[in-house]
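Based on the provided sequences and hints, a complete structural model is requested.
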Amino acid sequence: MWRALFFVIAFWAAPARADLAYVLNSADATISVVDTATRAEIRRIPVLREVHHLVVTPDGRSLVVGDSGGNELIFLDPESGAVQRRERISNPYHLEYSPDGRYLVVASLRRDQVDIYEAASLTLLQRFRQPDKPSHVAFSPDSRWAFVTLQGSGQVAAVDLEARQTAWVQDVGPEPAGIIWHRGRLIVGLMGREDFVALDPTTREVRPAFRVGRGAHTIFPAPNGRTLYATSRVESRIAEVDAETLEVRRIFEIAGGPDCIAFDSEGRLYATLRWTGRLLVLDTATGEHAQIRVGRSPHGVFVMPRRPGLDAAFAFQSPGAQSGTRPMGAPPPRGLAALQGTGPAVTVTPVRVEAGSPTSRLRAPWR
Amino acid sequence: MWDWIVDRYDLFTGWAFEALLQPLMYRLGLMDWADEAFLWMDFLVFGLIQVVVVAVVCLPLEAWRPVERWESHRKVLTDVAYTLLARLGILPMIGFVLFFAAQTRIEAMIADSGWVPPTLETFLPFLREQPFLALIFYIVVLDFAAYWHHRFQHRIGWWWALHSIHHAQTQMTFWTDDRNHILDDILAAAWFGAIAVLIGVPPGQFPIILLVLRLAESLSHANVRLDFGRVGERLFVSPRFHRAHHGVLSVGAEGKNYGVLLPVWDWIFGTADFQRDHYPRTGDPSAPRAYVEGGWLRQQAAGFREIWRAIRGKRAS
Chain A
663 MWRALFFVIA FWAAPARADL AYVLNSADAT ISVVDTATRA EIRRIPVLRE
713 VHHLVVTPDG RSLVVGDSGG NELIFLDPES GAVQRRERIS NPYHLEYSPD
763 GRYLVVASLR RDQVDIYEAA SLTLLQRFRQ PDKPSHVAFS PDSRWAFVTL
813 QGSGQVAAVD LEARQTAWVQ DVGPEPAGII WHRGRLIVGL MGREDFVALD
863 PTTREVRPAF RVGRGAHTIF PAPNGRTLYA TSRVESRIAE VDAETLEVRR
913 IFEIAGGPDC IAFDSEGRLY ATLRWTGRLL VLDTATGEHA QIRVGRSPHG
963 VFVMPRRPGL DAAFAFQSPG AQSGTRPMGA PPPRGLAALQ GTGPAVTVTP
1013 VRVEAGSPTS RLRAPWR
Chain B
1176 MWDWIVDRYD LFTGWAFEAL LQPLMYRLGL MDWADEAFLW MDFLVFGLIQ
1226 VVVVAVVCLP LEAWRPVERW ESHRKVLTDV AYTLLARLGI LPMIGFVLFF
1276 AAQTRIEAMI ADSGWVPPTL ETFLPFLREQ PFLALIFYIV VLDFAAYWHH
1326 RFQHRIGWWW ALHSIHHAQT QMTFWTDDRN HILDDILAAA WFGAIAVLIG
1376 VPPGQFPIIL LVLRLAESLS HANVRLDFGR VGERLFVSPR FHRAHHGVLS
1426 VGAEGKNYGV LLPVWDWIFG TADFQRDHYP RTGDPSAPRA YVEGGWLRQQ
1476 AAGFREIWRA IRGKRAS
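Chains A and B are the protein sequences, given in the same order.
Note that the first sequence covers residues 663 to 1029 in the working numbering.
Note that the second sequence covers residues 1176 to 1492 in the working numbering.
Just so you know, the hints here were simulated from the structure itself, not pulled from any lab data.
Please note: incorrect hints may appear among the correct ones.
Okay, the calculated bits of chain A under chain B, using three or more residues with CB under 8 angstroms as the criterion [stated by the list, open to error]:
{"id": "1", "region": "730-744"}
{"id": "2", "region": "749-759"}
{"id": "3", "region": "787-796"}
{"id": "4", "region": "936-948"}
Backbone N, C-alpha and C fix where the C-beta goes; we use that ideal spot for every residue, glycine too.
So, in structure tokens, the structure goes:
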């Protein structure tokens, strides 16, 4: 009994380890590992050539990084950053697992192909030749459909994973990039316009969803499920969008070309700034922010929680997981009250917030 | 200090892209090329730095101990134009626009065949964790490939008809390094592109190494009486070593000292000339007048005519 009590005391007394942010430096052939508490880069992992996007395996045990230039997938231990294994596959640019974990779908931007792999064995099941620049992938929650934006031809392709064929291709607007499943619709960023559009996959009707400014690019659901965050490349900003009404609540002006976004377990936002080689950390509740220098042209980002009880797949148990590139049908609540409680109050009029320059420092301690 | 320099470089490149190039691309409906355009901006800024660094090093050397002195430097200006077109990304950008689609198709065909192109690190796995060492390996392999590429440029009649433009310069300076016909550049891209399919492309995260390599290649063309000593001449290509290659008696298939960076290949294959007191006049006595006297455009036009003549067998090789 004393031993049990000792462990309980030790557990509660142990200092919480800081979350780790993994940042893919696409022009540096490296992965930056950042301690989010000290905001210091603690390690650089060399890769072969050009890394862009990463995903968590369905079991949460690995981070899978696509090295498109090196024709390789790198499996990392998200706890330590140790390389678990490497797999040679053709030009993995954007990649995502189906919600049921059966498939890994890979978009190859420069080879005009979309590949479906069996997730467990990485056996190539089907390769689809696409008209022009397949860019980002999103799934339907039932894992039946994979949707791929085609940047060059201004379309979204719907791939039937059961029949393993392209079911339809829909014009959506110039240069579509980021895509997520959101409450029965697909939200797509159009880099050639100022807005995101909503595509109904049943009727294939396309409607303007909301406006972020020139070069609408990518969109990510916050863990609280009430907010989406969308980026604009040319205007260089992040828009905070009401997940229910799709109204833009706030706009964060950020020089440096915000691209991919991840969230830590307390709802703080981490965005890669492609053109200035930095990682933005933004507490959207308080407006506190900082920028951390990483490698050149940082693209994909992931934050590994190190709080007890959370693992790499924590985001898939959050309310926000019902939207996204890998949407969960009904994510089980698993002690994630903190994720549900964060987020600002809803205001309908967009508010502009200056969210830092490359030399900005945190104006208040996080902890 | 170095980190500070790289950071300023990144911030400047990022600012130039965001403020100048990206809005233009949006207006032209070219946002799906944004990543490539950012790389081009990087190439442009880095190219500018390369030109400045090479000039800062080579100009004083050429003023210090010139091999030749000329009253007029008009011919040198043509080589300056070549350098600016090549290093400021104009010719590479045109090449990229013209060949990107073809490259995509070829890569897709290779992918469809089921073959996943390897990298040098696939064959030498210990290089995975040592990107700097990997770069050194790539430099050696690519320099070996460059040696044979260079020998074929001299051996094959129609290829020499193009490459002669590079050798026709009678006022060789460090600016002469980029003096090539665009068809010759395309052939070089195809040559090294094929090698890239076999062993991958080298890691690009060591700009200082790339800068040193660029400096070494330019310096080898410099109009300076400079050798690297008895041992050094056998380790790296010096201005003396490469001038022997550009000498009037070393043209076409009679060439020697083909090495670009490492003389060891000439040593191994019997084409080395290590006479350290030999600084010949440069030029190709059989080159057409346009190759010697013409500006960039005239030389390019003449190049097309000469290769056509060579293919039809009407040009002496």
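Evaluation of the provided hints:
no.: 1; hint: 730-744; in the structure: holds (count 3)
no.: 2; hint: 749-759; in the structure: holds (count 4)
no.: 3; hint: 787-796; in the structure: holds (count 3)
no.: 4; hint: 936-948; in the structure: holds (count 4)
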